[in-house]
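We have chain S already, so just place chain D on it with the hints.
For reference, the chains in residue letters:
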Amino acid sequence: MTTCTPADTTTAEEQTRLSAVRLLAGNPVTVVSAIVLAVLVVVAITAQWIAPFGVNDIDVPNALRPPGGEHWFGTDELGRDIFSRVLVAIQASLRVAVVSVAFAVVVGVTIGLIASYRGGWLDTVVMRVVDVMFAFPVLLLALAVVAILGPGVTTTILAIGSVYTPIFARVARASTLSVRVEPFVQVSRTMGTGHLYMLGRHILPNIAGPLIVQTSLSLAFAILSEAALSFLGLGIQPPQPSLGRMIFDSQGFVTLAWWMAVFPGAAIVVTVLAFNLLGDGLRDVLDPKQRTMIEARRRSG
Amino acid sequence: MADPVLGVRDLRVRIGRREIVRGISFDVARDQTLGIVGESGSGKSMTVLAATGLLDAPGAVISGTSTLAGAADSAPAQLVGASARLLREVHGGRIGFVFQDPGTSLNPLLTVERQITESLEAHRNMTRQQARGRALELLEAVGLPQPQTRLNSYPHQLSGGQRQRVMIAIALACDPELLIADEPTTSLDVTTQAQIIDLVRDLQRDFGTAVVWISHDLGVIGQVADDVTVLQDGQAVEQAPVLDVFDNPQQPYTRELLNARPLIGAPGPPPADSEAPVLLRVEGLDVRFPVTTPVGRSTVHAVKDLSFQIRHGTTLGLVGESGSGKSTVAASLTGLVKPDAGAASLDGLGVRGAAVKALRRRISLVFQDPFSSLNPRTRAGAAIGEPLWVHRLAKGKQARQKRVAELLELVGLPAAFASRYPHELSGGQRQRVSIARALATEPDLLILDESTASLDVSVQARVLDLLADLQRELNLTYLFIGHDLAVIQRMSHDVLVMRDGEAVEYRPAAQLFESPEQDYTRALLAAVPPARPRSALPG
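Protein chains in written order, with our numbering: chain S, 1 to 301; chain D, 302 to 840.
Any given hint might turn out to be false.
Sample of chain D residues facing chain S (criterion: CB under 8 angstroms; computed from the structure) [what the hints assert, rightly or not]:
#1 Gly636
#2 Val638
#3 Leu666
#4 Leu675
Calculated from the structure, these hints are not laboratory results. Beta carbons: idealized from backbone N, C-alpha and C, even for Gly.
Isolated chain S, as found in the complex (with noise of 0.2 angstroms):
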């Protein structure tokens, strides 16, 4: 029986692991932004517990102070605590970001994969539908769910969701189209493998990167959208504080107390930030275009 002689281990054994995560540790910019966003995720979780006021304590005597010792963001026409409403619009924010995009995750990357793995007509057809979907702003496709279902909560995911779904579907699709004529699901193929294991074993982990990337991304949308969408009032109803519903109701005040207006947007212009910011170092990382690169170009003489 032949053994690898040296000259066949050598290059292995000098191969370092390239861990997607010490790549991304290596980045100060990626690892500031996912600091800010524990950060974020802790606030938005114990923001009941960690408000100083409760949101709807109105003081009518303090109202539209500035800024200080006891009102740290300061207070609005009502009095309330602008720090304290911060807090929990936050929260309200993510909830809604991450649950649409979540929605929009699992629905449209189902679609996009189904679609581009079993090809011929139904990839065309659902295709088309997504094409057409693409065609609406997301504004405006928002605004006519919010319509037909009423403003709220629930309304709000879901417009949002519905919104994201096609530019996942889309990923998931350009994806698939390019692995699933990879050598290694061919020669899957030939052993007779069934179409989930495929899916779930060669497909999915291979277009995982995009995705991620994509989720990230489209969370710091989620959260622009349903500002804008609050804004309108067509998203999170009084009195639950909104950031965007903070900002529409500072408008009157914006020459007395420019605090209303700046602490909300701050809290938008960070979290929208963050996740941009950790996007683009995810996208460094796990685009297996690159990350093939890095690796061919570390392994050639």
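Below, chain D without anything else, positioned relative to chain S:
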């Protein structure tokens, strides 16, 4: 030696903590070809890229000198650490490059004419019209048929060999003093390889260019080189004229490379029992593919009425150039494409029919490319275990792990390799994992579709040994598909030569190599680099 065109002294390349090129010196003179030979990872490309100022790896530290001799109107140029401006003048103008993959080194969006005239306009200040005339001359010189119409072709309209000819035309456009050819024939069929070798030699005679030819195959180097540098782990272990290297190799590594060359006339496999029952019988196989082109739909007749049979424990070598339909035969046997006509039976059972899944167990496939035929996100152990899982062959996780360890041992890999990802394995190791995966179901028939074609010759020799051992021990039956008759001879009991989807010659291997009947078979035989270097031949 006459004044060298390129003189390299003590060249070193360090990336991070690893020294990849460790003090290499060489000279190459006008009219001469220097062959640089070594396995992948030996630093041969790195050496030449660093010596010509093309190395573009982040964090690479280059030391040593590389001097391009002065020409009529220019002073000698020091290329290591040269300014971007000097390098721009030298590249394309005085040094031409031909790379391995003619598919990706040409810009798919530009016509052949544009790609050739680009450097002429940059370096020689020619007008569009002059450059076009020169491009036409060059295409004629590199032997491209109908050069006038080819000027307006796009790369995808050319075959691999034609693209490589265009690459050579581009490299020679400005009459460079030095031509760098980095594995220029590695991704080509042996027949095309022979043509490119002849072409470069003819051009060298006409233009007097100095050539540096990099290859992993000492057989190819023997056909082109005057001097040879053998690289191992970034060091030049042997530097000598080509005849000395072939006749009197000083280093064991050089001897290993010499012995790894596939040669016509090498002993074939041990004779098999000619009374053994027939395992696979294929009759009247016919495959057509629909193709949609801008001008309309047409069909490609990939396999035309092909019949053959393979006996238990023997190997049928299926040989042909790319486009001959040999891979389509494998694909239709494994159910990847649907044949239009014909029947195949395994031990008398039809390959198409209800019991497909059971039959899949009995036919396994090993593909060419060791890099893409393993799922990058699956460990080697899981890849090998997959067919066991699919066919419920080993009950429970532990039984499966035990079987995977057995299979790894069978292909000569340590059991610990089960936990490695494909990118942690070398090309040869990946191909061993693919073979282990194919053997997991204890198949009767193993289809090897160019399974060793993209490996270094030295690795290929070891994988071929492994396959021969496995066949003897497990009484396996192979359908061995290849383009290199020397490799086919080493493995096969019977040989089927295919061209344009048809069988050209189908006979026992011994007879076929003894007295080939068809011109096409003789052409394939002649294309294999011979045992002796060309310079040893009279005339």
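Of the hints stated earlier, which fail here?
-> Checked against the structure, the only hint that fails is number 2, while the rest are satisfied.
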